[in-house]
Amino acid sequence: MTAGRTGSFHEAICYDSDDHLLAVTMPFLLGGMAAGEPAVVSLSRHNAELVRAALPAAGGVTFLPGGAVYARPAAAIKQYREMLAGYVAEGADQIRIVGELPARALGATWDWWARYEAAANHAYEGFPVWSMCAYDTRVTPGAVLADVMRTHRRTARPDVGFAPSDSYVLPADFLMEPRAPSTDPLQRTPPHADLTDPSGRIAREATRAAARAVLTAQATEEMIMAVSEAVVNAYRHGRGTVRLRVWTGAERVVAAVTDDGPGPRDPFAGLLPPRDATRGGLGLWLIHLFCDHVVLDRRPGGFTIRLTAGNPHWS
Amino acid sequence: MSRVAAPEHTCWAFDDDRSFCRYAREFLHAGLGHGEQVWYVPGPRSGGVAEWLRDAARGREESVRILAPEVAYPADGFIDPAEQITAYVAATEAALAAGFTGLRVVADATTLIRTAAHLDAFARYEFAIGRYMRIAPLRALCVFDRTTLGDDTVAELACLHPSTNAPGVPFRLQAGATARVAVLHGELDVASVDLFAAAIRRADLRPARGTVVVHAEGLRFIGHHCLAVLQRYAEQRAVTVVIRTRLRTVPTMVDLLGLSRIRVEMIA
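Heads up: the sequence lines are chains A and B, in that order.
The letter at position 103 of the first sequence is residue 715 when you use this note's numbering, and the numbering goes up by one with no holes.
The letter at position 94 of the second sequence is residue 1299 when you use this note's numbering, and the numbering goes up by one with no holes.
Since the hints were made in silico from the structure, they are not lab data.
Computed from a prediction, not measured in an experiment: that's the story for all the values here.
Where a beta carbon is used, it is the ideal one built from N, C-alpha and C, also for glycine.
Some hints could be false.
[Unchecked claim] Label pairs and their in silico Cβ distance ranges:
#, chain 1, residue 1, chain 2, residue 2, range
1, A, R877, B, A1280, 27 to 35 Å
2, A, P912, B, R1414, 56 to 64 Å
3, B, F1283, A, R848, 47 to 55 Å
4, B, P1456, A, A758, 38 to 46 Å
5, A, A792, B, P1456, 31 to 39 Å
6, A, D806, B, R1406, 37 to 45 Å
7, A, A755, B, R1414, 57 to 65 Å
Taking the hints into account, I'd like the entire structure generated from these sequences.
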């Protein structure tokens, strides 16, 4: 199951016990070590210790703290790409990764991690990386597991090898689907600001005023940048009226920028830096790097980008 | 004492000559009150101050000079920045030598802005003389008729002054203490790209050890589009731009976007 496989693979592990996880990850990592391939593990603390204890003492596997890697999808892709480029530069023919999102990523912010999982099929093309994404079926919501099956071609299982996913969807199709993101409870409260066709300066002032008492100075600056870019994008790439609403909560600031257009045409926009920045896309990528949660809400009547700065885990 | 506030190099754009006259009188009155020599260079629609000024200076006529534009500036309208600065340095020193505390000028330069080349030359001059005005007792109200020049041209001139009454000018780029340094205030988003590119080009900063410096401590916002303007400027001039700022997003963007010719110095 694990030897002699080269190329770019992105697969899932849906485990329901420690033994299940080890039964899949151990052959995978040991096979990589035997082949002299770099291996990287980014799991929860419990699972990382489990795997570490089961591995030979000689090591050869790099452990990354999962929470740090998986803080923001665009940042995770950037970090992994840089890491993979480094391994390739050092002569690696194949690299193996076992990753696991923090449990909190499976809640209110899952939609952007679902986009990450879809984009991962494309983002690491060109790198000889074999990655396996672990999900604990005992705690992962059913809707999340459904997205996992739609964003991974195959699932690794103990002893029987890989099972193909019947519901796999091509990444670009998955990413362009109208999604039904959950409404942040703050959006049911009166907004701090509700502006129609605001200038960039007015949008930034509204954000600054909303964020001042809630966010750190750095987070405030980053949110101002993100809102400014979202408003610019709405004018440049959207259609019709541009509406900005900003809500302030105890731990977060939420902004929604709406226009009448269909949203970004590039399915991977925001998660990956644009290949040709002169055609746009840089602003949306920066938004994804600066915000703690970004929702792209495509609906028949228009497009809304919702930005959160601060603690986005309200559920 | 004058009610005119501290600004010493102001761009005044007018379409209503009455508001211009009110402000110019305050500005000139303050100069006379401070013992400065005052010069007034009226334009076609800004001559309403001359009679008042003569009355205000009665008994001390040497305090006032009212000059026709063709006397104060080259007849073809083409300003040579260095020559014009030399002329104002000489005039300021002459005023001091004559016992005045300085020189204060109200000059309507509208008729000098005839073509894009005239605008470019005058804008370069406006930036460059700012360096002398930082240290010398020369104060100026640079007057432009918005009905003749239009908002875009006025913005190109106004953004090179420390202060302006022109609405919608998002940033100011003014001369620093040396030819290597510019001072940047305000907000720079995508709407400012062309204006900022023209302004930094006209600043014509002179590198020392391969670097020029932008003091952006007063900058409230800069987006990636305008950082890219700085990067292109630096590439074209084969320099490194050192930007001093409080904005924490700046070093992050410079790093993310690989803007190799921009070096960020964070100010606490």
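### Hints violated by the structure (listed by number, smallest first)
Going through the list in order, the structure violates hints 1 and 3 and respects the others.
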